[in-house]
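Top line first, the protein sequences correspond to chains A and B. Residues in the first sequence are numbered consecutively from 1, following UniProt numbering. Residues in the second sequence are numbered consecutively from 1, following UniProt numbering.
If you are wondering where the hints come from, they were derived from the structure by calculation, not from laboratory data. Glycine included, C-beta positions come from ideal geometry on N, C-alpha and C. Wrong hints could be hidden among the right ones.
Unchecked claim - Below, simulated SDA-like cross-link-like pairs (lysine to any residue); rule was C-alpha separation at most 20 Å, straight line:
#1 B:47 / A:177
#2 B:47 / A:267
#3 A:254 / A:267
#4 B:47 / A:176
#5 B:47 / A:180
Stated by the list, open to error - If you want a taste of the chain A side facing chain B, the calculated C-beta under 8 Å gives, among others:
#6 177
#7 178
#8 194
#9 195
#10 206
#11 304
To be verified - Short derived list, chain B residues pointing at chain A, Cβ under 8 Å:
#12 2
#13 9
#14 10
#15 80
#16 82
Below, each chain spelled out in residue letters.
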Amino acid sequence: MTDDEEPTAALHGGTGEHRVPPKPPVHPGTGEHRVVPVISSTGEHRVVPSVGGTGEHRVVPSVGGTGEHRVVPHLSGTGEHRVVPPVSGTGEHRIVARDDEPALPLAGAFPGVPASGGIDLDPPKDPLTAAPDDGPRATPVVEETNSTSPDPSISAAPGKGDLDRPARRRPAPAGTLIWVLLALLGFTLVVQLRSNDADDGLSAARQEDLVRILSDLEAQDSRLLAEIQGLEQSKQQLTSGVAGREAARAEAEKRSQELGLLAGTVPGRGPGLDITLTDVRASDVLNAVQELRGAGGEVMQLNGANGGAVRVVASSFFVDASGGGIIADGDQLTGPFHLLVIGPSGTMSTALQIPGGVVASAKNDGGSVTMDSRSMVEVSVVRKAAALRYARPVS
Amino acid sequence: MIAVLALLAGVLLGIVFEPAVPPELVPYLPIAVVAALDAVFGGVRAKLDGIFDDKQFVVSFISNVLVSALIVYVGDQLGVGGQLSTGVVVVLGVRIFGNVAAIRRHLFRA
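Construct the complete structure from the given sequences, taking the supplied hints into account.
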């Protein structure tokens, strides 16, 4: 609105003459126009009549310098306009509008001036949405196509949303391409995620990393091999030690069993004879035992008719008891006696029956000896092991 | 909406076919995916800003992918591939963050 009024204020070349247009040309208004003459210098004064309202326009002349004064009327309201003279004589004057004035009509009149209350006030702008150059800089789409695309709508400032609507409606192959690209992105994303899940990252590792990993693994491998060797060796040692101990233990066990049979501390069984001695004396029993030992009898046991039983060993003794029977190793036995002996039964019976032997002498004494060969003779009575008080083994 | 459908279709295709990544593409694929994500977020932001343009999106998408792959390739040739791909990921990550922040402001006004 003010643009077409500009020519009405004619400029005069420093003559100090002031020409007031005879009549406000277009706009109504009853305001009066006061022209304050120049106080000093050669400045010229242009008076623009008020466009509307009753506001008066005061032209304040420049204090110094040669600047021209332009009074731009306020378009509405009754506000007054102050022309601030230049401080440094550069000829330009800033027009300061009052803050409480309605500012809307100024928007179109002053291009480049934001539609806000005053010129000096910074417009309250959102730095993220309102700045015209913010969007293109932060948005890769805008940034990269600005140089490649001659499309004017691309560099359009944000806020002019109606400009992209024809571009969207345009049946462009780019639209299909977008979908293809997005599908490709999804596809690739899934492929990448899957392959990342599948391998442990070695296939994506670089060569020097792989070399380092390989040498690490080799060192670890050799360490583990050495460890395996050591463990194998110690296992072998332990196994052989165990086997040796086992054999020694078995041998010792066997010897202890045999010695236990001889010493009478272990029950025994085997083929042998069951000899019945009736009405004999202790000397006959002793003779029989010695004869059986000579013939190979190994383990013997003497049972009395009264239930007593004595294991016959090397230290056994037989004494005639006063009331009949005998005392064997301190136990009194009554006849008839059963002598159980394990050994070669044929040899033993022959040894007992030789002329002048045990059987013959027993008959002479009025007794009798009968022999019964058994395939299994059980010798069950045991003795306590006698602790040796004096003798010690040499080794 | 159609774009989301296209993305889902691509995901489904990837799940169904389960293709193996060619060994020569292994170093570049993740970077290219990140670059494409950056382009997509930029496109969403431009859409919300009302300045979305099909051609622009396509060009930026493709150039993003190609440039990122090229950077990694050059880095591999120079022997600094690992560091350079880290750098690319950092840069793209920063841009994605910025775009997501702008989208968030659009959507939630906060």
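Hints violated by the structure (numbers, ascending): Result: hints 2, 11, 15 break, sorted rising.
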